[in-house]
Amino acid sequence: MQEILQYLFSGITNGAIYAVIAVGFSMLYSSTELINFAHGEFVMLGALSMVTLAAGFGWPLVPAFVLTVAAVGMAGLLFERLAIRPVRQPDHIVLIIITVGASIFLRGLGMLIWGKDAYSMQPFSDHPPIDVAGAKLLAQSIWILVIVMALTAGLHLFYRRTLTGKAMSACAVSKKAAWIVGIPTKWMVLLAFALATAMGAVAGAIIAPVTMSSYDMGTVLGLKGFCAAMLGGLGSLWGAILGGFLLGILEALGVGFVSSGLKDATAFVLLLLVLYVRPQGIIGSAEVKRF
Amino acid sequence: MGDRSQKIIYAVFVLAVILLGWGIDNAYYLQMLIFIGINTLLALSLNMLMGYAGQISLGHAAFYGIGAYVTAILTATYQVPPLLSLPAAVCMAMFVAWIVGIPTLRLSGYYLGMGTLGFGMIVHIVFREWSSVTGGASGFVGIPPLTAGPLTFDSERHYFFLVWTVVLLAIIMCRRIIDSRVGRALRAIHDGEKAAAAVGVDTKKLKLQVFVLSAGMAALAGFLYAHLIYFISPGTFGFVTSIRIVTMVVIGGMASIWGSLFGASLLTLLPEWLHAFSEFEMVVYGLILMTVMIFLPRGLTRGLLDIYERYRKNNDR
Amino acid sequence: MNATAKTMTDNAALLEIKGVDKKFGGVNALRDIGFCLNQGSITGLIGPNGAGKTTLFNLITGVFPADRGEIRFKGRPVNRCRVHELVRLGIARTFQNVELFENMTVLENILVGLHTRTKCGMLESMLRFPRTIREEKKAMTRATELLEFVGLQKYMHQRSSDLPFGWQRLLELARALAAEPGLLLLDEPAAGLNMSETRELGELIKQIKDQGITILLVEHDMSLTMSISEKIVVLDQGKKIAEGPPRTVQSDETVMAAYLGKAKK
Ligand SMILES: Nc1ncnc2c1ncn2[C@@H]1O[C@H](COP(=O)(O)OP(=O)(O)OP(=O)(O)O)[C@@H](O)[C@H]1O
Ligand SMILES: [Mg+2]
Numbered sequence: 001m002q003e004i005l006q007y008l009f010s011g012i013t014n015g016a017i018y019a020v021i022a023v024g025f026s027m028l029y030s031s032t033e034l035i036n037f038a039h040g041e042f043v044m045l046g047a048l049s050m051v052t053l054a055a056g057f058g059w060p061l062v063p064a065f066v067l068t069v070a071a072v073g074m075a076g077l078l079f080e081r082l083a084i085r086p087v088r089q090p091d092h093i094v095l096i097i098i099t100v101g102a103s104i105f106l107r108g109l110g111m112l113i114w115g116k117d118a119y120s121m122q123p124f125s126d127h128p129p130i131d132v133a134g135a136k137l138l139a140q141s142i143w144i145l146v147i148v149m150a151l152t153a154g155l156h157l158f159y160r161r162t163l164t165g166k167a168m169s170a171c172a173v174s175k176k177a178a179w180i181v182g183i184p185t186k187w188m189v190l191l192a193f194a195l196a197t198a199m200g201a202v203a204g205a206i207i208a209p210v211t212m213s214s215y216d217m218g219t220v221l222g223l224k225g226f227c228a229a230m231l232g233g234l235g236s237l238w239g240a241i242l243g244g245f246l247l248g249i250l251e252a253l254g255v256g257f258v259s260s261g262l263k264d265a266t267a268f269v270l271l272l273l274v275l276y277v278r279p280q281g282i283i284g285s286a287e288v289k290r291f
Numbered sequence: 001m002g003d004r005s006q007k008i009i010y011a012v013f014v015l016a017v018i019l020l021g022w023g024i025d026n027a028y029y030l031q032m033l034i035f036i037g038i039n040t041l042l043a044l045s046l047n048m049l050m051g052y053a054g055q056i057s058l059g060h061a062a063f064y065g066i067g068a069y070v071t072a073i074l075t076a077t078y079q080v081p082p083l084l085s086l087p088a089a090v091c092m093a094m095f096v097a098w099i100v101g102i103p104t105l106r107l108s109g110y111y112l113g114m115g116t117l118g119f120g121m122i123v124h125i126v127f128r129e130w131s132s133v134t135g136g137a138s139g140f141v142g143i144p145p146l147t148a149g150p151l152t153f154d155s156e157r158h159y160f161f162l163v164w165t166v167v168l169l170a171i172i173m174c175r176r177i178i179d180s181r182v183g184r185a186l187r188a189i190h191d192g193e194k195a196a197a198a199v200g201v202d203t204k205k206l207k208l209q210v211f212v213l214s215a216g217m218a219a220l221a222g223f224l225y226a227h228l229i230y231f232i233s234p235g236t237f238g239f240v241t242s243i244r245i246v247t248m249v250v251i252g253g254m255a256s257i258w259g260s261l262f263g264a265s266l267l268t269l270l271p272e273w274l275h276a277f278s279e280f281e282m283v284v285y286g287l288i289l290m291t292v293m294i295f296l297p298r299g300l301t302r303g304l305l306d307i308y309e310r311y312r313k314n315n316d317r
Numbered sequence: 001m002n003a004t005a006k007t008m009t010d011n012a013a014l015l016e017i018k019g020v021d022k023k024f025g026g027v028n029a030l031r032d033i034g035f036c037l038n039q040g041s042i043t044g045l046i047g048p049n050g051a052g053k054t055t056l057f058n059l060i061t062g063v064f065p066a067d068r069g070e071i072r073f074k075g076r077p078v079n080r081c082r083v084h085e086l087v088r089l090g091i092a093r094t095f096q097n098v099e100l101f102e103n104m105t106v107l108e109n110i111l112v113g114l115h116t117r118t119k120c121g122m123l124e125s126m127l128r129f130p131r132t133i134r135e136e137k138k139a140m141t142r143a144t145e146l147l148e149f150v151g152l153q154k155y156m157h158q159r160s161s162d163l164p165f166g167w168q169r170l171l172e173l174a175r176a177l178a179a180e181p182g183l184l185l186l187d188e189p190a191a192g193l194n195m196s197e198t199r200e201l202g203e204l205i206k207q208i209k210d211q212g213i214t215i216l217l218v219e220h221d222m223s224l225t226m227s228i229s230e231k232i233v234v235l236d237q238g239k240k241i242a243e244g245p246p247r248t249v250q251s252d253e254t255v256m257a258a259y260l261g262k263a264k265k
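Protein chains in written order, with my numbering: chain A, 1 to 291; chain B, 1 to 317; chain C, 1 to 265.
So here's chain A without its partners, still in its complex pose (with noise of 0.2 Å):
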């Protein structure tokens, strides 16, 4: 019971960040029509940048997570204005060649800034863990936690209330018909861009006190992130989350009884079960491109 716990205590950490990585993939996806294979990168940035502001340079938590999240969401614009604006023929063999360059020149990137070392920094407060049916429970995943939900929350209320985010909705159902009522579409995947990347850097920032941070973390991240999006529908907010956390769980208990190796098995595992059987993810209505 109390083993039982404990894994899922870590699969429901570990399913906050995927969902967290996996949001911004579904906004994407569905404001642009793009997988961007360069998410888990923008996830590393955010990790990196997030430790040394705060480790390196002693900043206090709250500007460094500020200004990481922005100058990262930054990166996200720029990629958008240099590397996809400009793509002469934009079909899916050429975009994903484009993201997947852009993944390998933000490695490169990052260990040219950060070299190949691991870095760690402090949890956000150092609270003890807290001691569940004798499981523990890191008070850092309980910031991870709050944090995500505030996020989704958040979110969901832009998406709903503000008319940004009802514009941005509407791009997502059909562009033209967005452009043609008057929604600037471009400066809307701009908007999507930089949100999505901002995503990955909140992710990013939140992990870093709970993992050793270091340039090549972001691929296998990326992966996870998206098989999450698929799993719960790629395009919808509340699926991406569901995905995340299914996810993490799944794979804790995958690891807690079976083995360890097979960790990182269970998200493509999952993630072809999806495509073969239920392409439009749990709850996903996003209409599937299948013969």
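Bear in mind the hints are in silico, worked out from the structure with no lab data behind them. Among the hints, erroneous ones may be present.
Claimed, not checked - Simulated restraints, written as ranges between beta carbons of each label pair:
hint, chain 1, residue 1, chain 2, residue 2, range
1, A, P184, C, E70, 49 to 57 Å
2, C, D32, A, K176, 33 to 41 Å
3, A, P86, B, W258, 24 to 32 Å
4, B, K194, A, P184, 51 to 59 Å
Beta carbons: idealized from backbone N, C-alpha and C, even for Gly.
Guided by the hints, dock chains B and C with the ligands onto chain A, whose structure is given.
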């Protein structure tokens, strides 16, 4: 391309291979050329699937790996002669492709990309975790050199000729497929699956066939790789390799056989050249990929040809 | 009475459609449609936009199955057949929005059209037997003939997307003919053609009919449809509202109402 000019090109190709094979004494250069050959096979195999039939695969390294691991296990663990492990390796990859292809090829676009990616990752994890058979993360050692009856391919030069003979045969086979009824049907699927079906092409079956063929070729490349290096490890057959194969095809030029050769050469040599940049290697590599795709989405060969043609047209006017 | 029954059996129907329904979500695209196409005839299928004509084509060619009802081709039910199987059986079509293989040459488009009439498979193409080469030559001859028939032989090495629109339609027609169909479905073949092109198209369609090919023609150009069809079937909002010789259909009140009602809106 006319039949005649094709023969001339083949003749030039054979001549070049012979000259390089006899002319170069430096083992390092020979090995580079062998790698180019193996990568050409990989690029060619994916080009049939992606360039011609328009079906993306982000997990092609899996078949490359299956070819390498099957022959490694058979020859080293069970002392099967390589001549027998070759068909076993190729057939195994084709069989896996067949099983996986049936559900996966029903997907298209990003979803197909993701399906093949997931498959590739799973195979990679199997190589890494099934250590009792594959040697696990630390790799598989002790793969014997290639022997076929009285022939032993243990020198670089011999291996060079072997690999490039295989490449030549593969190029001829692919060329023949492309120029045939089947090849036209494949390209038709690429241009429009709906229209292809409407003229009577069994798109499902044909996609599966080309996927299986492509897997077989990739496995052949894996076989050659294993017996060249004598040592294989899972890292060689992961996501990064799959992407590299896609890149070779795209940079060289989709739906272009000689483009595959060019793309494979470039991507084998580029990292070597970029070593000069040491620290900047990845940054430069990423930049090149992005730039080519942004400005020449049809690949370097096609793209440069297009530019040349536009230039000529402008001058004519 | 006896006489009509006799002609019915003599002119065995090539295609029989009985009680066919098709829904897309809440839209009743087709409701209880039924009619027959006689061997060797030209039938016009008309109706205002969104009447369900293309949907009916998609049902006949097996793109998706009907929700209810039966379609028989040469006497056998074909509801469950897949698209390419139906082509092999002898149903060919063109598309409303021309669907050519854009990156292939004009000639190659026709050669793909010959897919069901040639055999060479993957393995055979690699080994290239004498038989393979013979087949390829024969296909080439046939393709050239077809291109001559529609008058595009001069352009056979051009990329099909480089052709002017009207010629693209002709190419698509020739590609459909390459399958040697017994039944040819044409979806608005004259859309986007000018007057003289339309007239030439009418001539071509008549020639195709004279080769014994049955034709079902969807066309908004009434003068073309009325002049070459022996029978007209009218759809409106998924229902068949009239069927008969052009003259009677033209003066049918429900048909007028369907078109005029539409026009008024
Ligand atoms: N694949 C589909 N999914 C959903 N609805 C469809 C689909 N195909 C057709 N429809 C709907 O079915 C109805 C009939 O469409 P159809 O294309 O058959 O009309 P049509 O008679 O060919 O019109 P047009 O003259 O404009 O070509 C329309 O309301 C259309 O929106
Ligand atoms: Mg229509």
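For each hint, the structure was consulted:
1. A:P184 x C:E70: 49 to 57 Å: holds, 52 Å
2. C:D32 x A:K176: 33 to 41 Å: At 35 Å between Cβs, range holds.
3. A:P86 x B:W258: 24 to 32 Å: holds, 28 Å
4. B:K194 x A:P184: 51 to 59 Å: violated, 34 Å
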